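> Throughout, our numbering is defined as the position within the sequence shown, counted from one, plus 22.
Hints may contain errors.
Stated by the list, open to error - Calculated cross-link-like contacts (lysine to any residue; reagent style SDA-like; alpha-carbon spacing at most 20 Å): (1) K118 - L107; (2) K118 - V196; (3) K118 - Q84; (4) K118 - V99; (5) K118 - L82; (6) K118 - R91; (7) K118 - T68; (8) K118 - P199; (9) K118 - P108; (10) K118 - F146; (11) K118 - I106; (12) K118 - D89; (13) K118 - V144; (14) K118 - R87; (15) K118 - L128; (16) K118 - P148; (17) K118 - S71; (18) K118 - T86.
Since the hints were derived computationally from the structure, they do not count as laboratory data. Here the structure is a predicted model, which means the values were calculated and not measured.
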Amino acid sequence: MRSSPTRWRARSGRPPHARASWPQRVRTDPTDAEELMSAITFVVETLLSLALFVVLARLLLQWTRADFRNPLCQAVVRITNPLILPLRRVLPPIGKLDTASVIAVLMVAVLDVACIFALHGVGFPPPLLWLRAVLGEIARTLLWTYLSAIFLYALLSLIAPGGYSPLQSVLGTVCEPVLRPIRRLIPAVAGLDLSPLWAIIAIQAVLILMR
Numbered sequence: 023m024r025s026s027p028t029r030w031r032a033r034s035g036r037p038p039h040a041r042a043s044w045p046q047r048v049r050t051d052p053t054d055a056e057e058l059m060s061a062i063t064f065v066v067e068t069l070l071s072l073a074l075f076v077v078l079a080r081l082l083l084q085w086t087r088a089d090f091r092n093p094l095c096q097a098v099v100r101i102t103n104p105l106i107l108p109l110r111r112v113l114p115p116i117g118k119l120d121t122a123s124v125i126a127v128l129m130v131a132v133l134d135v136a137c138i139f140a141l142h143g144v145g146f147p148p149p150l151l152w153l154r155a156v157l158g159e160i161a162r163t164l165l166w167t168y169l170s171a172i173f174l175y176a177l178l179s180l181i182a183p184g185g186y187s188p189l190q191s192v193l194g195t196v197c198e199p200v201l202r203p204i205r206r207l208i209p210a211v212a213g214l215d216l217s218p219l220w221a222i223i224a225i226q227a228v229l230i231l232m233r
């Protein structure tokens, strides 16, 4: 039996045609906030990792005495100058060591670790744990930098052997101090230089041990 509109209004308190006009209650899924927090954490960690990579790259370029007339070196210098130059006014170089670049690497690494702890809800750790986390972050970034640089250097050497490009020049300057000792221990096989392969394997093994 079909109920009449009058009886329906008595039960619900509002007519049938007004049902769609009433505002619906919005239900908030708790996973939405978690996904938003995960996205924010990813963006912040990525930006800080890139900042640490660039500052560490400048220190490596100075350590390997790269040609700073190279466009890539000039780009790294221009990006890091806003942080390095103010530090250099109060931290003069010690011999060939650019103390301003070293302190800049430490500062960015400390900021990186602090943001990671804060975003993951971890309280302020003991000083030794904090120091271990900072040094571990620097070491991992350094190893990943060399892993990527050696891979690109070997790839460019296979694609264009004997060629020249600004990228290949910088990679050669940075990678040769690592590859040269390996070449002394493991000679080329049939004219094929396997030192990049052994270097990549060794770096990957160290990264696994640092997990």
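> Does each hint hold? Answer for all of them.
Evaluation of the provided hints:
A threshold of 20 Å between alpha carbons decides the hint, and for K118 with L107 the separation of about 17 Å falls inside it, so the pair holds. Taking the CA atoms of K118 and V196, the gap is near 17 Å; set against the 20 Å cutoff, the hint holds. A hinted pair counts as satisfied when its Cα atoms are at most 20 Å apart, and K118 with Q84 qualifies at roughly 9 Å. Between K118 and V99, the direct Cα distance comes to roughly 17 Å. Compliance with the 20 Å bound is thereby established for this hinted pair.
Pair hint K118 plus L82 holds up; C-alpha atoms about 13 Å apart against a cutoff of 20 Å. Taken as a hint, the K118 and R91 pair is honoured in the structure, with Cα atoms around 19 Å apart against an allowance of 20 Å. Between K118 and T68 the CA atoms are separated by roughly 31 Å; this puts the pair beyond 20 Å, and the hint is violated. For the hint linking K118 to P199, the alpha-carbon distance of about 17 Å falls within 20 Å, and the restraint holds.
The hinted pair formed by K118 and P108 meets the criterion: a straight-line CA distance of about 19 Å does not exceed 20 Å. Our distance criterion of 20 Å between C-alpha atoms is broken by K118 and F146, whose separation comes to about 36 Å. A threshold of 20 Å between alpha carbons decides the hint, and for K118 with I106 the separation of about 16 Å falls inside it, so the pair holds. Under the criterion of a C-alpha separation no larger than 20 Å, the hint pairing K118 with D89 is consistent with the structure, at around 16 Å.
Of the pairs offered as hints, the one joining K118 and V144 is violated, with about 39 Å between alpha carbons and a cut-off of 20 Å exceeded. For the hint pairing K118 with R87, the CA-to-CA distance comes to about 10 Å; that is within 20 Å, so the pair holds. Pair hint K118 plus L128 holds up; C-alpha atoms about 18 Å apart against a cutoff of 20 Å. Between K118 and P148 the alpha-carbon distance is near 34 Å, which puts this suggested pair outside the 20 Å criterion.
Distance hint between K118 and S71 is unfulfilled; the C-alpha atoms sit about 26 Å from each other, more than 20 Å. Between K118 and T86 the CA atoms are separated by roughly 11 Å; this keeps the pair inside 20 Å, and the hint holds.
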